[in-house]
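Participant: Next come the chains, spelled out residue by residue.
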Amino acid sequence: MRGWFNSGAPWIWLNAAAVSASLIMVAGLLGLIALRGLGHFWPTDIVEMDYRKADDQIVRLIGEIRGHEDVPRERLVAAGVSVPGDSELVRRVQLKSGNRDVVGLDFNWVLGPDIIAERYPEDLVVIERREWGNFYGYLREVHENGINVTDTAPLWDVLNEHLGRARKIADEIRVIERDEIGAINYKLERLRLDQRRLELEGKADTEALARIAAQEAALQLQYESHQKRLIALYQDIQRDSVTVEIQDGRVVELPLSKVIHVLRPNAMGVGDKLLAYMKNVWAFISDDPREANTEGGIFPAIFGTVLMVILMSIFVTPFGVIAAVYLREYAKQGPITRIIRIAVNNLAGVPSIVYGVFGLGFFVYFLGGNIDQLFYPEAQPAPIFGTPGILWASLTLALLTVPVVIVATEEGLARIPSAIREGSLSLGATKAETLWRTVLPMASPAMMTGLILAVARAAGEVAPLMLVGVVKLAPTLPLDGNAPFLHLDRKFMHLGFHIYDVGFQSPNVEAARPVVYATALLLVLVIVALNITAISIRNHLREKYRALDN
Amino acid sequence: MTTSQPPSPLAQISPSVQARRRAWRMLKDRAARHTVMIGGFGAIVAILLIFFYLLYVVFPLLEPASAEALAEYPLGDNAGKTLYLAMEEQAEIAVRYDSTGRVRFFATADGQTLLEQQLPLPDNVSITSLAEGGKGRSAVSLGLSNGSVLISRHAYRSSFPGDQRQITPRLEFPSGTVPLQVDSQQHALERVAVQSGDRTTIAALTDDQRLLLVILEKQISFIDESETLKRFEHALPNTAGQVRHLLVDPDQRSLYVATDQGVLAYYDISDAEHPQLVQQLGVVPMGATLTGMKLLAGGISLLIASSDGQVAQWFPVRDETNQPMLHKIRSFKVEGSATALAPEYARKGFFAASNHGEIGIYHTTAEKRVLLERVSDQAIETLAISPRANAFLAEDAGGQLHFWHVDNEHPEVSWSSLWGKVWYESYPQPDYVWQSSSASNDFEPKFSLTPLAFGTLKAAFYAMLFAVPISIMGAIYAAYFMAPAMRKIVKPTIEIMEALPTVILGFLAGLWLAPVMEANLPGVFALFIMLPLGTLMFAGVWSLLPGALRYRIPDGWEAALLVPVLLGLAWVAFSLSLPFEHLFFDGDMRTWMRDNLGIGFDQRNALVVGIAMGFAVIPTIFSITEDAIFSVPRHLTNGSLALGATTWQTLTRVVLLTASPGIFSAVMIGMGRAVGETMIVLMATGNTPVMDMSLFQGMRTLSANIAVEMPEAEVASTHFRILFLAALVLFMFTFVFNTVAELVRQRLRGKYASL
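Residue numbers (this note's numbering), protein chains in the order written: chain A, 1 to 550; chain B, 551 to 1305.
Hints may contain errors.
Covered stretches of chain A (chain B as the covering partner; in silico rule of three or more C-beta atoms under 8 Å from a C-beta of chain B) [claimed, not checked]:
id	stretch
1	17 to 25
2	501 to 514
No farther apart than 30 Å at their CA atoms in a straight line, the calculated lysine-lysine pairs in the DSS-like style are these [what the hints assert, rightly or not]:
id	chain 1	residue 1	chain 2	residue 2
3	A	K544	A	K332
4	A	K168	A	K258
5	A	K187	A	K472
6	B	K780	B	K878
7	B	K878	B	K918
8	A	K228	A	K258
9	A	K431	B	K578
10	B	K1301	B	K1041
11	A	K431	A	K544
12	B	K883	B	K918
13	B	K780	B	K844
14	B	K971	B	K1041
15	B	K1038	A	K544
16	B	K1301	A	K332
17	B	K1301	A	K544
18	A	K332	B	K578
19	A	K544	B	K1041
Think of the hints as simulated: they come from the structure by calculation, not from any bench.
Yeah, the Cβ is synthetic: ideal placement off N, Cα and C, and Gly gets one too.
Same shape as in the complex, but just chain A:
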C-alpha cells in the first residue's frame, strides 16, 4: 500500500476525480434545466384528494402535484405543525391548487400521512386564464347572457364552441388595441413633436398649424371609430361565461373573455397530451407575457435578444476584424503590438458591469444627452436617446465582445500559411489586394467563429444590460410597422434579464419558477448550440490548415 501511495497513483486518481466532478456538474446542470424546463409544458394530471386538516376535518383538495420532499419530523414540529404517525421522516407534497382570486393561496404544502385518498376523475378541468393564473374544478354550466345553454348539447362541445367565439373576439380586440390604436397614438405623438419643432424654429405659421390640426383631426376620427368598434366588441365578449365547482364545493362563474383554454388532462391520452405539449411550447415562444411575466410566453424577450444581438454584430464585426488584421498583418511585432494585445486581454477581463456603468455614463448620458440636445430639441424634457435603449445596449455589448472577435480572427489569420500571402504578393498584388482576395476569404470561417462566440456571450450577458436598456416589460417592440420601423431609442426585453426578473423580482416566485426554468432552457439551448457550432468550425479549420501546412 505504501508503495502504491509513493507511486503517485492515488493523486492521479484524485486529479481524475476533479475532471469527473466538473463533467458531472456540467451535465447535471444542463440536465436539471432541461428536465425542469421541458416538464413545464406537459399537461399534468389533476388530483382530487381527501385531506385531513389539523382540526381533524376532512376536506377536498384539487390541484396539480408539483413536487414532494421528505422532512425530518422535528423540523415540522418546531414549525408548529402536528404530524400524525411516528415516522422520523415525513413526506410533504406541494399542491398547486390555483384559483388564486377565490382562495388566496395557490400553492400549498400538504402532509403525506394526512392524505386519505387520491383520485383522478376524468371531468376535472384546468382553465388557463388571462388573469389570476390557473383555475381548477369541475365544469358545471355554460351561460349565454346569464342563461344556461348546456341542455341541448354535451357540455364540453358547447364550451369549446363558445370559447372559440370568445377567443376570436379577443384576438380582434388585441389587433385593434395594440396595432391600430397603437399606430394612431404613435402618429399623434409625431404630430405633436412636429408642431413643437416648428414652434421652436419659429416656423409655426397658421398654414403649417392648420395642416397639423387637420391631420390630427383625421387621426382623432379614426381613433373614435376604432373606439366605437372596441366598445361593441367588449360588450360582445362579455356575453358568455362558464360556471365551475371548486374544491370547497362553491360554484364560481368565470367570464369566457378571461379564459384562454380549458383542458381535461385526466381524460387525455398520451397523443393528446403530446399535442397539447407542442401547443404549449409554441405558445411559450410566440406569446406575450401575462401576470407580471410569470405566465404566458416570452416572445418579446426572444425578439429583443435577437435584435440586440444583430445590432451588436453589425458594430462588432468590422471593428474586431480590422483590429485583428492590423495586429497580424500590418503591425510590426514589437512593443506596440504587445501593448495592444495586453489591452485586448484587459478588455476581455474587465467585469461586464463596468461596461454597463461606462455605457450608461458615456453612451446614454453623454452621447445620448448631446444627441437629444442637437437633434431632438422638440421632445425636451423627455429624453429620446438620453435614456437607456437598444442602440446603447448593443453598442455596450459590442465593446464587451470585441476581444472575442479579435482573438478568434487573429488566430485564424495566424494559421494561414505565409506561403499563400507570399504567392499573392509575388504575383504583383498589393498588400490590400492580397488581404482582400486571399487572406480574408480564407480567414472568414475564423471570423465567423469569433462572431458566433461574441453572439453567444452577448446573448447571455445581463449585468451591463440592466443599466443600458433592458426592462422587465416593454410595451412596444423595437421593430414595428410604424415608420421608421426600427426604433433604436426604445427599451427592450431580454431573455437573460427575464430570468433574473421573473425569478427574483416577481411577487409570486413559486408560480414563476416554471417560466424561469423554461426561459433558462431556451437560453442555454441557444448558447450551447452557438458554442458547439463555433467549436466545430474551429476544429474543422485547424484540421484544414494542418493539412495545408504539410
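With chain A held as given, fit chain B onto it using these hints.
Facilitator: Chain B only, in chain A's frame:
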C-alpha cells in the same frame, strides 16, 4: 513553350492607363493600411476611453471645494443690531431681522432693499430674543419683552413673467399676528426655542432666570372629532450658571439647555406631560466658554462651539441600559474661536465663522474641513447660508456684508468616510456601513466602500477555494494523463461550461442550490469529505483488482470510470443527510448551529456563492492551466522519464515547476473574473452589506451593488459618482491582475519557445 503563349492582357493596355491604375491600386493599398491602423489602435482607445471616462466622472469627488466673493456692501441702514440673516433657495434674496423689529428683504447681489416691513409688535413691547425655527427653517421665533412669542416666516414666491424668474418676498405669520403668551408673569423672554408641527413646543428663559417649557398639543376628540388645543406648562429647574442657549429638535423630542460655562442639560420632552432631565454634563474643555450651539440637519446632532476654537459634534448614543446619552463624537478646529455656526439645510455639513474673519466649511461624516476662506479682516458676527449651501452671506463687525458663492458638491467624500470606520448618527459605535439612500430627507448617507470590498473579496475567496483545487487538478489530469479520445470530449465540455451565462448559474444557485443545500446541510458537508476519500478508497480497491479486469480500462480513462463512483458517493451522502441531521443535530442542523455554535444561517450564503461562482471560474482556470501544462516541451518530460522518474515524479518536479507561472496567471485571471462577477452574487446572496467572514452569511459585492443601485442613483450626485468609483476600483483591480497575468504568460511563452 513560350512561343505559343498568347500576349498578356496587360500588354494591350497603354502605359499611361497602367500607371493610373497602379496609382489607384497604391492609393487603395494606403487607404486600407491607414484604416486598419486606426482599427488596430481602437482597442487601446477603447480601454483608455473606459478608464478616462470613469475617472472623469469620479474626479469631481476628489476636487476640493471652492468659493469666490461675489459682492461686498455696507449694511445700508444703521438702525438696530442684526438679529438674524437668511437667504432663500436661489440665494438671490436675503432677509435681515434687526433689534428694532424691522424686517428688510434685499438683493444679495448689491444689497438693494426690495421690501421693508415692521413686525406687528404690541405697543411698548420690544424684541428681547430671536431663534431660528418655528415652522421649518424659514421661520424665526421672536421672544418679546412682555413674555410672549411671535412666529414670523419669510416666504418667497417664484413667477416667470416672460420666461424670466422673478422671486417676490413676503412676510407671513403662521400663528397669527397676535403674540402667544408664554410667561404668565409677563417677564421678558431672554432666550427662546420654538418648534411647531402637529404640536408646538416653546422653551423660554425669562429675565428672572426661570426656564419655561410650554407644549401645545392638538387633541382630537373621539366623539365628534373636534380639535382642541391642550396646553402643558412646565417650569424646569434651572441649571447652575447663566443659560445662553436653548434648542429644541425638529421632532420635539429633546430640549438642550446650555450655559456659558458649557454645562449642558439634555431633557427628553417627547412626553408632553412629563419632561425629563436625561443628562447634565460639561461639554467644553476646562477654562473655555461655550460660544455657540446649533443642531445639525436632521436634528440629531448638536454642534457645540467653544472659545478655544473647537466645534464639537455630539449626539445621543444608547448605552447598555438602552438609555440615550450624549457623546462627543468628533471635533473640528477653528482658528481663533467660532462666532457663528450655520448648519447646512440638507447635508451633514456646517459653516463656521471665526473672530479672525475666516469662514470654514466642514463636513461631519467625512470628518474634514472642506474649505477655509478669509472673508474679512474683522470678526464675523452673523452668518447665513443658502438652503442649497452654495452661497453664504456674512456680516462683519464693521457692518459690512460679504456675499460669496460656494462650489461644494461632494463634501461627504473623504478617505475616512469611504474606507474608514465612521461613527454615524444614532449608531452605538463607529462602524463600516454602506447605506446610500433612505426614505427620509435628513438621512445621513453612509458611503463606506469597505463592507462592499470585503464582500467582493469574501465571495471571490470562497469561489477560489472551491474552484482552484478542482480546476488545477482537473487541468493537470487533462493535460498530462488523459487519453486523447477523452480529451476530445472533455475540452468542449469545459468550453461549454465557460460559455454558460452567469445569469443561469446565479438563478440556479439562488432558486435551486440554496434551498437544496439548506435542506441537506449535513449531506453537503459529507459530500466534501466523502468525495476525495471515496475516490482514494476506490482507487485502492481498483489497484487490488485482478489485472484481467483492470487492463480492460485503458490508461487515461480513470475520469470516466470515476463518474459513476462519484455519483454513487453523492447519492449516499445526500440520502444520509436527513438521518444524520436527525441523529446528531436534533433534526435541524441550522438551529443546532445557531444554538450550539452561535453561527447564524442565511439561505443565500457564501457557501452557495462559492460553489456557483466557483463553477463559473473553473473553466477559465482550467483552460489556461491546461494550456500551460500541455505546452511544456516534450523533451523535458521525456528526459525526466528516461532518467527513471515515474510519471508522477516527472509531473511534480518537472512539468508543474515549468508551468507554474502559467498556473499562477490562470489563478490571477480566475480571481479577476470572480471579483467582477455580478449576476451570480446578485442572485445567490442576500445582498446585505455585512462584514462577516462566516460561510453561512451573505454579502454584498461592489459589482452587485452597482447593479442594484445604479438605476436609482441621481445623475451627478455623490452617490452616482461613488458608484462610478466602485466601477473604477473594479476596473483597476482586474486591469492589474490581467496585466500581470498576461505579462507572465507572454514571458512563459517566450521561455517555452527558447526551450
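Participant: Looking back at the hints listed earlier, which ones does the structure fail to meet?
Facilitator: When the structure is compared with the hints, numbers 6 and 14 turn out to be violated.
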